[in-house]
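Protein chains in written order, with numbering that gives the first Met the number 0: chain A, 0 to 383; chain B, 0 to 377.
Just so you know, the hints here were simulated from the structure itself, not pulled from any lab data. Heads up, none of these hints are tricks.
Some chain A residues close to chain B (C-beta under 10 Å, calculated; not the full set):
#1 Met26
#2 Val29
#3 Ala45
#4 Glu48
#5 Ile137
#6 Gln144
#7 Pro170
#8 Leu184
#9 Glu185
#10 Ala210
#11 Arg213
#12 Glu216
#13 Ala294
#14 Ile301
Straight-line distance between alpha carbons at most 30 Å, and here's what the computed DSS-like set of lysine-lysine pairs gives:
#15 A:Lys50 <-> A:Lys187
#16 B:Lys319 <-> A:Lys50
#17 A:Lys15 <-> B:Lys287
C-beta: ideal position from N, C-alpha, C; glycine also.
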Amino acid sequence: MKFRQAWQRIVRMLVKEFIQTLRDPRMRFVLIGPPIIQMMVYGYAATYEVKHVTMALLDLDKTQESRDLIARFTGSQYFNLSPAHYATEPTQLRNWIDRGDVLLAVQIDSGFAQRLRNGQGAQVEVIVDSSNSNTALIALGYLSQTGAKFAQDYQIEALQRASPQQAAFMPQVDLETRPWFNEGLESKWFFVPGVICNLLLIMIMSLTSSAVVREREIGTLEQIMVTPIRRWEFIIGKTLPFYLIGIFDALLISLVGTLWFGVPFRGRVVVMAAGTLIFLLSSIGVGLFLSTISATQQQSMITAFFFIMPAVTLSGFATPISSMPPLWQKLSYLNPMRYFMIVVRGIYLKGVGFDVLWPQFLGMGIIGVTLLTISVLRFHKSLD
Amino acid sequence: MSPARIFAMMRKEITQVLRDPRSLLVILLMPVMQLVIYGYAVNLDVNHIPLCVYDRDDTQTSQELIKRFQATDYFTIVHVAHDYPDVLHQIDSGVATTAIVIPSQFDETLRSSGKAGVQLLIDASDSNSANVAMGYAQSIIQSYSSDILVDWEQQHGLPATGGGTVQFQARTWYNEDLESMANIVPGVVAMVMAVVGSFLTSLTIAREWERGTMEMLISTPVSALEIQIGKLVPYFFIGVMDTTLCAVMGVWWFGVPFRGSWIVMFSTSALFLTVVLSLGYYFSVVAKSQMAASQLAMLATFLPTFLLSGFLFPIDQMPKPVQWLSVILPARYYVEILRSVFLKGTSISLMTGQIVALTIISVILIALATRAFHKRLE
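Sequences are here, hints too, so could you generate the full structure?
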């Protein structure tokens, strides 16, 4: 009997919340349109892939060796060396870099081949536009890989010319790389699951953070206080709609990720569903907690934002957590997104299940339950 | 238009801002925190890649190779596996993202027939880090291979060819030390300003409607334009404070070069602020509820500035439709301007395109907001 009454009160609260949220046609749009649109745009935008590094070249050596090296650039899919960017003097290189026409300028000085033949190190001068340091680093990485491969091949050829019989027994270590889970090294496969996590967190957090405060600000909280509803019933009724909206949106954007972007979904849907539920629990926990410590919607939303920015940065979305300093790695355990990022990427790409992911589930669960409990305790059904 | 009424409106708005010191503090701390996180926590360089080692040979030669991996900062050996399933488990669970498997008879093969293969297993779900890790591993193996070749040549009395390497002497222009901070400061400034500017203003008009105080404002002689100016000016100053804070911290604390002129920096920042403030104002006029308005402002500023402005991910590598979309994004122009001002020190004449674009966007937004706001009850 008692339970039925409580249930009825929660349902009433739920209905009220749904009406309030969905009454506004703009709000209805906000819940469906933007998640899909954002998923599409950011799925494409977020990539570190640097293909076709535009480059310019000046060959002052003009030997077989220098031409061989250049052929490696023109033959590579990483570099884009157009015929218009063959320079005849060094100032041209500088101009092109200054104007932003090319990212990379390579100058092979005379004596390049001679030094190689002598078994000395040959140097090649390079100018990189590093105003985007990340792109510059990647371009330099491509360069040094090309150079190392060139040198190794050159060395082997030299030896084969010098003593063909012995060269057959020359010791050599080859590296056979096997990229797993993302065999084609598609940047999209990594970022699309990450975008799913971001969108969910931002939406749910900003919605829940203003949930309780809005009632307080508009003055309707007083009306609720005079009803027989208990505080935990109020909290459940208040958050359940966001929970359901979250599940709906998670489904929506996961479908876009799989159907539109073709990111493989290798795990089981059950694991993904469970992960999403626990993640929503933890982000609603954070949002609700912020809502209970704020007096106005402005306060709660600004505080929510204060949380979201570092949460996105420290989630491993754009940069690996393992390259962060130890202190920050420890801090990231407070961030529900950190766990969910591992869960979503694990399910999508690796196809792992509960046996591997349970620590992440536990982490999110602890955050969620703790914050929800604190929020219920902090929330008093009385005027202050 | 009466200056007295605008002034009164401003005073009301400032009083309201000051009455909520927590929000004000958060707004001023936000850029500082964001810079500290990016400056100290985020590292775009990939190093200390967790490596799992499975040495099936276990000879001095194979140990030697493992030591090469140990000696660099690129890899950190987190696990030594004793069978293959163990290796798989390490990668599946994410304890290690790379594993190196040295075959049995590695040493013997090198001595007799020459070519020995080493296997590198990589968790490539993060394709970028995987690519970098592969590059590092490749160069470690190549230098090792080259070293044993030199030894072998000496033993067999052959001419040394091992020294014939190619080195690229790179000069990095505009950002000599490849500091990612120099890259990040302009991005953070744009992100914080876009968010603070549009987010705060999106709440301001919607709050009046929601609380019912708009009716009181309507009953006063203040005009729509006066409300608009009076409401926006205080936030304009908060925005300017945030910009200054970011720039000063970036230059003095994190040592980002500042090669342009402060006048250019502040005048373009004022222009960008006008854009984002009008955007937030427009949303709050249209949405009339704080929740919907702030959701819209968040949608239009935070992620677009984070992902589409070119601050983290280069725009020219995005697909064409996404590049076209970024044309209407004000933050994109502002990031470009800031990058020139901080790193290149180019003159203002080279930024005409960006400044014109920002001006057009701001005029459109102001027109839209003014048209949408009616000083009457529905």
